[in-house]
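J.: So the protein sequences, as listed, match chains A and B. Anchor point for the first sequence: position 103 equals 103 in our numbering, and the numbering is continuous, going up by one each time. Anchor point for the second sequence: position 386 equals 386 in our numbering, and the numbering is continuous, going up by one each time.
It is possible that some hints are incorrect.
Heads up, simulated BS3-like pairs for lysine-lysine below, C-alpha to C-alpha not over 25 Å straight-line [said to hold, decoys possible]:
| id | chain 1 | residue 1 | chain 2 | residue 2 |
| --- | --- | --- | --- | --- |
| 1 | B | Lys-198 | B | Lys-216 |
| 2 | A | Lys-326 | A | Lys-156 |
| 3 | A | Lys-412 | A | Lys-442 |
| 4 | A | Lys-156 | B | Lys-198 |
| 5 | A | Lys-326 | B | Lys-198 |
| 6 | B | Lys-318 | A | Lys-412 |
Honestly, the hints are just simulated from the structure, not real lab data. These numbers come from a predicted model, not from an experiment.
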Amino acid sequence: MPHPYIPNSAPEVRAEMLRVIGAASVEDLYRPIPSELRFKGRLAIEEAMPEEARLRRHIEGILHQNTPATRVLSFLGAGCYQHEVPAVCDEINRRGEFVTSYAGDTYGDHGRLQALWEFQDLMAELLELDVVTTPNYDWSTAAAMALRSCVMLTEKRRILVPAALLLDRRLVFSDYLGHDVQIDEIPFDDATGLLDLAALEALLGDDVAGVYVEYPNAFGVIDYQAPDVVALAHQHGALAVVGADPTGLGLLAAPGSFGADFAVGDVQPLGMHMSYGGGLSGYLAFHNDPEVLETCPAFIFAKTETLEPGQHGFGYLNFDRTHYVKRGEGSQNGGTTTALWAITAAAYLGLLGPEGLRELGEGLMQRSRYAAERIAGIPGVAGVRFSGPILKEFVITYADHDVAAVDDALRKRGVFGGKDLSVDFPTLGRASLWAVTEVHSKADIDELVEALTEVLA
Amino acid sequence: MTAQFQQARWNEPLLSELGTPGERGYFPAAPEPEIVSSVPNPLDSIPEAFRRTAPPRLPEVAQPQLFRHFMRLSQETMGNDVSIDFGLGTCTMKYSPKVNEHLVRLPEVAGLHPLQHADTVQGILEILWRLEQMLCAISGLERFSLQPPSGSSAVYTNASIVRAYHESRGEGEQRNEMITTIYSHPCDASAAQSAGYKVVTLYPGPNGYAELDALKAAVSDRTAGIIITNPEDTGIYNPHIAEFTRVVHEAGGLCIYDQANANGILGIARAAEAGFDLCHFNMHKTFSSPHNGMGPAMGASGVRADLARFLPAPVVEKRGDHFELDWNRPDSIGKIRSFVGNAQIAVRSYAWILALGPDGIREVAETAVLNANYLAARLREAPGISQPYPTSNTPIEQFRWSFEDLKERTGIGSSDISRNLSDYGLQPVFTSHHPYIVPEPITPEPPESFSKADIDTFADAVIDVARRAETDPESVLTGPHRNACRRIDAAALDDPERWVPSSRSQRSRSVVKGD
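Next up, chain A with everything else stripped away, as it sits in the complex (with noise of 0.2 Å):
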């Protein structure tokens, strides 16, 4: 039978191309295959929908149950943002050159290879620090990465995480750092939401491989003591992984700026939809050192001169330290992760520029400030649960309300309400995290604070 998908399914030119290989029949070709081991049955799955229209339509009507998060009015982030997604980032990403390519290498894939390289000179930029590898999968893989590096390049088993940190990361760090590493908790300032310093310093000590700190952090807080966190964990011999939202770039300092070793976070924010969160894709930067690039296997690009003068070229800096050569030996896990995001970012930076980035940073604190506080004075709100400064998430709690049964109501209501921490975070009470951006207007917001002054009525 024909197939739309498969070109040699003519008889004639399947007869042709077996007599060229002197076999019979295409079962023929799979004499490697003992019988016993061969599948008998006929797969048990869906009938066939060879017909394009068909097939779309069936699959629409599936998808046609969702209510995407951008029809509605949404609060949700907690680590996946609804931020504005230029029409020039959809433009670029969806070129099928880029989409549809892969391993190809510096002369057949040149334009993508700059394209990655210019997403790594960029992000150097912005988090000042010389070297960026193609992001892995999102933030909580980055982060593991980083960390597991620190292990391997001091030999110690015992890393410092915040208390204040998002649950899938916590697991993401339980499963990939755990086995063989011990991860002890800082615990946060219950006022202000930020690290408690003198617990961190309780927690140092000589058998520490890496300190990890993030702004903003699980409750959205702007943890303005990283500078401090870095140059503690330096005075006791450890390395530190610093956290960073680049949204917030343009007007915080720089992971760099301050001596992290490495910087982590997501390049989601910068043009990508949410997708379910398949927009995820987790940065990933250090310094220029031999030693460190030897314990990270993602990939770096690197330009370099051709025989043309003038002209530039690209390709993989120093194969050798990924696990494609080093397989099992004294490296991590590595491959395909999210190159296509990382263009797509690349082409975000350049847009926005240095004073889009700042515009967008400001927009967002002027935002989520404004938000909390009409928020915090409706009847029932308890308030801000954290007094720490915010980029674009806060902490809510109620005085007397559960918080699932407040999203269930706003939900019948259009809105997407915060997402729920009293299981994530039970301590906070009836607490709620909430992300504001610049796809919300002012009408947005007085909307939702209507409609939850009614719900908690």
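With chain A fixed as given, assemble chain B onto it according to the hints.
T.: Same frame as chain A, but now just chain B:
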């Protein structure tokens, strides 16, 4: 060869060099004046020492020039949409149906937040569930997690599950060795190492695959399991695979099947019948999701029923007509990445499998094997090429052959041939993963979406380069000639004193040197 290919050669400047100070490419929506006037200056809440002192050195460029720059870079990239790229063997570079690209860009996929209430994401959960059912049927295993965002991540997931299994039986410390073969993908070794295992690697015997006796000598009460590809990187199928899994089971280990590339055996042979406890499929290889320039991607991890409790959280459960994310998994290894994974990839692969159905899926495999064997037959015409190991080894979906003879005669080897294919509008041909056991290797893999004429185009080009190696070696050594850039100074990529990962690194180096 007749008409010559010529790739776009724009000699684009770097993005950082575009524009002039003061230009703007995009205005993010500014907050309304009422908001701005009702809150304090945001920077007041940040201690002065934590404010950015100098703006980041990003380009200042208007939109048309920035957009054009990226369009030109796309023209200097040879994806599957524009080139015959099956030279990239082991990657399964097949056609990614365009209708699927339209589906994943619908707001019903792109606009979903991963923490939405289950009632509002029934559609995407249903797709994840339906795809899982299909993968169970294709593998014969019981449950799948779609969370791993790549093939190597899925192998790592499976290695973590094996670790959790042995820990649950009190043998976690004792069973600290993972066996693999040198012709399995390198990530099988690195994933095992990342999961905390000492890696034991088996080398091929005279038939091209590891001998059963070598495996028997390697297993012990320290064996946690085996991670193996079959057909291996070479395209050679190890016919003793069921005995391999039996030997490992008898030693108390589990068997992980690396099926990143299952394109030649879909509906033909399954993990279950060969005795595997775990396997994984790459949705971006066998199951047609585009490779996205190196991700985002998806590796689906499958397990037999009693190992399902170790899968990463959450999994999709169907209760009545309702789909839910089940987070209540006390024995789970944890999480491999945030949320449920790259859900958009699941939409594409579900659509692809559905377009083909049970018979079409099998036809995919049969055609891929036909294509690989046809290409192999054609390449026998190339001067200086040879087939390692017994010629009775019929390739499955790919094959690894050698240009050792050509290299000895002309000084031109497989990397030169590979590079020069760019001059024919083709992607280079993959040589081999490391180490190069087959000398001067090439590893092409023509999936089902390539026509006989496509395969002939590729074969003719390889033959032509190999002939030029004999008649005009200089043109091969300096090639390719008709691409976006000329031959590079590759030594600068590996030299820490010279490599350039960013402009910033160049400035730092100048400071150190006092330039």
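J.: Are the hints correct? Go through all of them and say.
T.: Structure-based check of each hint:
1. Lys-198(B) x Lys-216(B): The hint holds at about 17 Å.
2. Lys-326(A) x Lys-156(A): Holds - the C-alpha atoms of Lys-156(A) and Lys-326(A) are around 22 Å apart, at most 25 Å.
3. Lys-412(A) x Lys-442(A): holds, 21 Å
4. Lys-156(A) x Lys-198(B): It holds: about 19 Å lies between the C-alpha atoms, which stays within 25 Å.
5. Lys-326(A) x Lys-198(B): holds, 14 Å
6. Lys-318(B) x Lys-412(A): Holds: Lys-318(B) and Lys-412(A) sit about 24 Å apart, inside 25 Å.
Of the numbered hints stated above, none is contradicted by the structure.
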